[in-house]
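Chemist: Numbering follows the numbering used here, in which position 32 of the sequence shown is assigned residue number 32; successive positions increment by one, without gaps.
Bear in mind the hints are in silico, worked out from the structure with no lab data behind them.
Please read these numbers as outputs of a predicted model, since none were measured by experiment.
Mixed in with the good hints, there may be bad ones.
Dumping the calculated SDA-like pairs for lysine to any residue here, alpha-carbon to alpha-carbon at most 25 Å [to be verified]: (1) K70 - P57; (2) K11 - R26; (3) K70 - V22; (4) K17 - E36; (5) K78 - F16; (6) K78 - I51; (7) K70 - K17; (8) K17 - T30.
Ranges between beta-carbon positions, derived for each pair [to be verified]: (9) N10 - V35: 24 to 32 Å; (10) I31 - V79: 24 to 32 Å; (11) E32 - F65: 19 to 27 Å; (12) I53 - S25: 30 to 38 Å; (13) I12 - E36: 32 to 40 Å; (14) N10 - S55: 53 to 61 Å; (15) F42 - V22: 26 to 34 Å; (16) A49 - M23: 37 to 45 Å; (17) K78 - F16: 39 to 47 Å; (18) L89 - I12: 51 to 59 Å; (19) F50 - V22: 35 to 43 Å; (20) V28 - V79: 26 to 34 Å; (21) L86 - A19: 37 to 45 Å.
Virtual Cβ for every residue (Gly too), placed ideally from N, Cα, C.
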Amino acid sequence: MASLFTNIRNKIIGIFKIADAVMRSRAVGTIEYEVEELDNIFGIMVLGAFIGIPSPPIQITMELFPLMEKELNIMLAKVLTAHDPLGDLFSELDID
1 MASLFTNIRN
11 KIIGIFKIAD
21 AVMRSRAVGT
31 IEYEVEELDN
41 IFGIMVLGAF
51 IGIPSPPIQI
61 TMELFPLMEK
71 ELNIMLAKVL
81 TAHDPLGDLF
91 SELDID
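Sequences are here, hints too, so could you generate the full structure?
Modeler: Encoded structure:
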């Protein structure tokens, strides 16, 4: 009888461990998504003049440009592949 309770307890503990791992994974995924969106908002704030959004003062923009190197490279890559959306899809999927 004691082994039955021990077996049930171990299974319940296993279920809670799996649930904990799933919740932690979702939390990390959510945080990664939030960071990516904050990067996008930062890019729009700094480079907003290109799409008609009022930008911050030029002194602040010039100080932030070195931090925007990754976003500028992504923007230029998007412009270069804008005429070929299928090629852009294959480049994202890393298909040769």
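Chemist: The structure should be examined with respect to each hint, and the outcome stated for every one.
Modeler: To see whether the hints hold, each was checked on the structure:
no. : hint                  : verdict
1   : K70 - P57             : 21 Å, holds
2   : K11 - R26             : 23 Å, holds
3   : K70 - V22             : 31 Å, violated
4   : K17 - E36             : 29 Å, violated
5   : K78 - F16             : 44 Å, violated
6   : K78 - I51             : 14 Å, holds
7   : K70 - K17             : 38 Å, violated
8   : K17 - T30             : 20 Å, holds
9   : N10 - V35: 24 to 32 Å : 38 Å, violated
10  : I31 - V79: 24 to 32 Å : 29 Å, holds
11  : E32 - F65: 19 to 27 Å : 25 Å, holds
12  : I53 - S25: 30 to 38 Å : 35 Å, holds
13  : I12 - E36: 32 to 40 Å : 37 Å, holds
14  : N10 - S55: 53 to 61 Å : 60 Å, holds
15  : F42 - V22: 26 to 34 Å : 31 Å, holds
16  : A49 - M23: 37 to 45 Å : 42 Å, holds
17  : K78 - F16: 39 to 47 Å : 44 Å, holds
18  : L89 - I12: 51 to 59 Å : 45 Å, violated
19  : F50 - V22: 35 to 43 Å : 41 Å, holds
20  : V28 - V79: 26 to 34 Å : 32 Å, holds
21  : L86 - A19: 37 to 45 Å : 41 Å, holds
Hints 3, 4, 5, 7, 9, 18 from the list above are not met by this structure, while the remaining hints are.
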